[in-house]
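A.B. asks: Take the sequence shown: its letter number 45 is residue 184 in this note's numbering, and every next letter is one higher.
By construction, these hints were calculated from the structure, which means they are not laboratory data.
BS3-like cross-link-like pairs, simulated, lysine-lysine; straight-line CA separation at most 25 Å:
1) 177 / 152
2) 249 / 152
3) 299 / 249
4) 302 / 253
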Amino acid sequence: MTSFEDLYNTYFKRVYAYIFSRVRNHAIAEDLCAASWKNAYEHWASYDEQKGEFTQWIFTIARNQTNMYWRLYWVKNVFSLAEEESNPVSAGNSPLTELEQDSFRQDLTKALGKLSARERDLVALKFYAGLNNRQIAQLSQLSESNVGTIVNRAVTKMRKWMKNYD
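With the hints as constraints, model all of the structure from the sequences given.
C.D. replies: Here it is, written out as structure tokens:
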């Protein structure tokens, strides 16, 4: 069995990217990612490879942490989402290029926001977490073909909304 540390090093960035795609705030994503890995570590002894791959296990934990955050957010309705931290201007990129990239990111965030919660979740698992349809199906309790159909339709909608970037 692979060590927890090896799995952490392998999957940390993907788990963080998935969570960030759901909350769009670096500080919150860091907190939720830390909570997810803490939860996984605390329950590491109960993880059973025979019941499923580590990928499904850790993304289920991350998904549950993120869903819990949103439930608390809406129930309390106290916190406000901070805007996504803007990336510093990269060396070699002109300010115009940075402005275009920032505009694209904002439009992409808006397009993601227009999707249903289920579509957003599946798109995030597919493109931010890098899971395949089989893994997503196991996590979401949908069939592989249903996952593929939902993701395809969501991407088609987003392309339509972002037609200026073709």
